[in-house]
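Peer 1: Each chain, written out:
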Amino acid sequence: MKQSETGDPVPVLALTDVSKSFGAVRALREVSLRLYSGEAHALAGENGAGKSTLIKTLAGVHRPDTGTVLLDGEPVDFQGPADARDAGIAVIYQEPTLFADLTIAENIFMSRQPLRSFGRIDHAAVHEATAALMRRLGVDLDPKRPARGLSIADQQIVEIAKALSFDARVLIMDEPTAALTGSETARLFSVVRTLRAEGAAVLFISHRLEEIFQLCQRVTTLRDGCWIASEPLADLTEDDLVHRMVGRDLDELYPKQDTRIGECALSVRRLTREGVFFDVSFEVRRGEIVALAGLVGAGRSEVVQAVFGVDRADAGAVEVNGRTLPPGSPTAAMDAGIALVPEDRRQRGLVMEMSIERNIGLTGLDELGRAGLVRRTLERGRATDWATKLQLKYNRLSDTVEVLSGGNQQKVVLAKWLATEPSVLIVDEPTRGIDVGTKAEVHRLLSSLAAEGLAVLMVSSDLPEVLGMADRVLVMHEGRLVAEIPRDEATEASVMAAATGRNGGSGEEAA
Amino acid sequence: MTGLGKFLRWDTVVGVLLIAVFLAGTGSTEGFGSTGNLSAALNDTAEIALIALPMTLLVVAGQVDLSVASMLGLSSALAGALWDAGWTFEMILPVCLLVGMAGGLLNGWLVTRVGLPSLAVTIGTLTLYRGLASVILGNKAVADFPETYSQWATHLETVPGTFIPYPIALFAVLAVITAIVLHSTGFGRSLFAIGAQEDAAYFAGIRVRRIKLLLFVLTGVMSAFAGIVYTLRYGSARADNGLGLELVVIASVLLGGIDFNGGKGTLGGAVAGVLLIGLLNNLLTLNDISNEIRVIVTGLLLIASVLTPRLIAVLSERRQRLNPPPGSGTSGSEPPGSGPPQQRPPRQRPPQERAPQERITRKAPQ
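Chains as they are written, first to last, in the UniProt record's numbering: chain A, 1 to 511; chain B, 1 to 366.
Take these hints with a grain of salt, some might be off.
To be verified - Simulated DEER-style distance windows between Cβ atoms: (1) B:102 <-> A:148: 35 to 43 Å; (2) A:347 <-> B:296: 40 to 48 Å; (3) A:97 <-> B:261: 49 to 57 Å; (4) B:290 <-> A:86: 52 to 60 Å; (5) B:296 <-> A:114: 46 to 54 Å; (6) A:193 <-> B:261: 42 to 50 Å; (7) A:346 <-> B:311: 23 to 31 Å; (8) A:395 <-> B:261: 25 to 33 Å; (9) A:347 <-> B:290: 47 to 55 Å; (10) B:85 <-> A:148: 39 to 47 Å; (11) A:402 <-> B:311: 18 to 26 Å; (12) A:344 <-> B:173: 37 to 45 Å.
No lab work stands behind these hints, which were simulated from the structure alone.
All C-beta atoms in this analysis are idealised placements derived from N, C-alpha and C, irrespective of residue type, glycine included.
Isolated chain A, as found in the complex:
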């Protein structure tokens, strides 16, 4: 590690008083950050706090309006991402972009393969170099394997290996764990620890606070483009960190109200889809929030999709307010009062290139006018109404939803469905990938909707969310409903035990 004259370590990469504006929007205001080699440094902040702008400034995509980027204590001026890469700064994005038809080794050494005579590619050398990188990372991946079919986790490893092959000293990871399972995350973390031990500096971004505490030594927090604090994580609790990010406390995250639980709104009986889920029966009552918990792949999303009718169940029945739904018809489910906020916001929740108002209007095309004609004033009115109720942050309702942050996109999806005035609201991972502040808003909303008599069915992989919000927890394991746990008995241990199939006992018996 390089030392300055005074004996303090010199940060390998630093920002001092960097500001960056896009027109009227001040994305960063005099933000400073110091990254030392050998540390994993977390960057925390809500969506829109300026994290992405900061990363892009470090990666040479943006140039700061004022302030400087320092590399080993020397000011540098990156003209583009290539400059940053040559300086040893690598960025690993959430969804890597590999060439699917090339092998892992070819992807890593793309266009700079070691050559033999006459410009022939030295495949043996490429494979050997790749294998060496994999050994260094402590990962078992075959260099000759094509990238197609690799999991996102493996693709990230390939990107990291590629960064190493460029002798990267600074690794910036932008929400790398968002799409990973628990064990994949663990492997990623062990790779990061290896790199850290070799002296690399890692800047890590995640919405999952427990990961930040697990992996990192220090954290820099941004809020609304401003620097809030840089400090060692050892001195902090999760509550402290949330407080710095949003300026409020953690108990506000799960504002569950007590409600009067009414008659049965949704009744699912012996629903089965061959090879996906089997014999699933449950009820959701008015005023109740029921969580559907379980591991990824347990069949939870598939169940709610069959309930809503976008997938067709092979057997079983769905009843809403006493009416049996025809199978496989989302339109009938909507007419009966079901709304489904799907897990995949970008593919299924929204038409990304359509405007906010049109997305919100999409579920009410029949009601927004007469004789099939859509009345734009009605459409706008509906959108304005719900945008206000949900405190959506937007410029114009005619902007496409693409430009909104993840949290605000989720609010548009919620608006679109609440506008149908459902009696049963199904939400699938309602707060995945959205910032803490919006998360709290979504929870408050679900809670008050339930208090007004809505029946809420919530699929969630976020255990604190499940425990904090649900009146009852249903747990699925390998396509079957294995447990039903009332609120006062639901703990992390009891839910996880059921989700991993360790107790078959308290399973809901088939009617």
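Since chain A is already given, all that's left is putting chain B on it; use the hints.
Peer 2: Just chain B, lined up with the frame of chain A:
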């Protein structure tokens, strides 16, 4: 829809181009602006224009139908065969429309129920329908249609008091209806949603498959109807009528700024695209430009029509990325028609080279 896009929208560009071609034509070519020539020029695109309407809806919904010209030929051949057998057109028309509906149903069924991509399906039915046409009529031509029928299709008879031939008058009415359906109804909104993101449309309770099926049926029926117009207009029923016309229809629609990937475009743009191709073709014909050149220019125009909107999109995207401030839609500095038609885009004319002999084509305006 995006801030800057309003100024650089391709359909506006085509509209301006259309006016420019019209003015240039009137100025440079004697007879171009005469009502007689204009009605001939318009009527010459009648089938293309009619089929372009449902095709626009299909492409907006992210689908395409390549079998339209074959359906036109099938309908024409069937009309000829039935006429030979002594049927009247009052009986022939509904039968042909039913056949169009059946063809559309087959296309739509293969796409929505079997789940095949529309491009592949309709390449198949393109061959199938043309083959059926040959089976019905072989390579003979039926050409003895009386004036009482053909007057409804040629440019020589016009809506009283105007220079507009009947097929074009019908097209105008249908275009207005289609525009309202596409841009002002819930159905139209659904088409844009399906074209932009089919999954999201489906999850919003839109009956995606039913709507797609309906679009293919509409297109089939309209193609069959266009087959009748074609037959009467040229006074000749042949199995190879309208060969290759599907490409002109699709070129017109794309030229009008309808995104081939679905989800974007306006009906006004598509209509402007059709008219532009019709006028340019007429203008080049009047100026005795050789067919080879016309074909080449058609090809260039096709490429330009697909390329330019993409370039515009990339440019405005890049600008938005460089200065993404909200509220500032003012960055769109260039006016749309800054460089009108340097290259003169015409189009090829598949039909009348092959057109029957006995009817003198309206070469010279009176």
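Peer 1: None of the hints should be skipped; say for each whether it holds.
Peer 2: Right, here's what the structure says about each hint:
For residue 102 of chain B and residue 148 of chain A, the hinted distance range of 35 to 43 Å is satisfied, since their beta carbons lie about 41 Å from each other. For the hinted restraint 40 to 48 Å between residue 347 of chain A and residue 296 of chain B, the CB-CB distance of approximately 42 Å keeps it satisfied. Roughly 20 Å separates the CB atoms of residue 97 of chain A and residue 261 of chain B, a value that falls outside the hinted 49 to 57 Å. Judged by the Cβ atoms, the range 52 to 60 Å given for residue 290 of chain B and residue 86 of chain A holds: they are separated by roughly 56 Å.
Taking 46 to 54 Å as the suggested C-beta distance range, the pair residue 296 of chain B and residue 114 of chain A conforms, at roughly 47 Å. In this structure the hint that residue 193 of chain A and residue 261 of chain B lie 42 to 50 Å apart at CB holds, the actual value being about 44 Å. A beta carbon spacing of about 26 Å between residue 346 of chain A and residue 311 of chain B agrees with the range 23 to 31 Å that was offered as a hint. For the pair residue 395 of chain A and residue 261 of chain B, the beta carbons lie near 26 Å from each other, so the given range of 25 to 33 Å is met.
For the hinted restraint 47 to 55 Å between residue 347 of chain A and residue 290 of chain B, the CB-CB distance of approximately 51 Å keeps it satisfied. For the pair residue 85 of chain B and residue 148 of chain A, the beta carbons lie near 58 Å from each other, so the given range of 39 to 47 Å is not met. Judged by the Cβ atoms, the range 18 to 26 Å given for residue 402 of chain A and residue 311 of chain B holds: they are separated by roughly 20 Å. In this structure the supplied range 37 to 45 Å holds for residue 344 of chain A paired with residue 173 of chain B, their Cβ-Cβ distance being about 43 Å.
Consistency note: the structure conflicts with the earlier hints numbered 3, 10.
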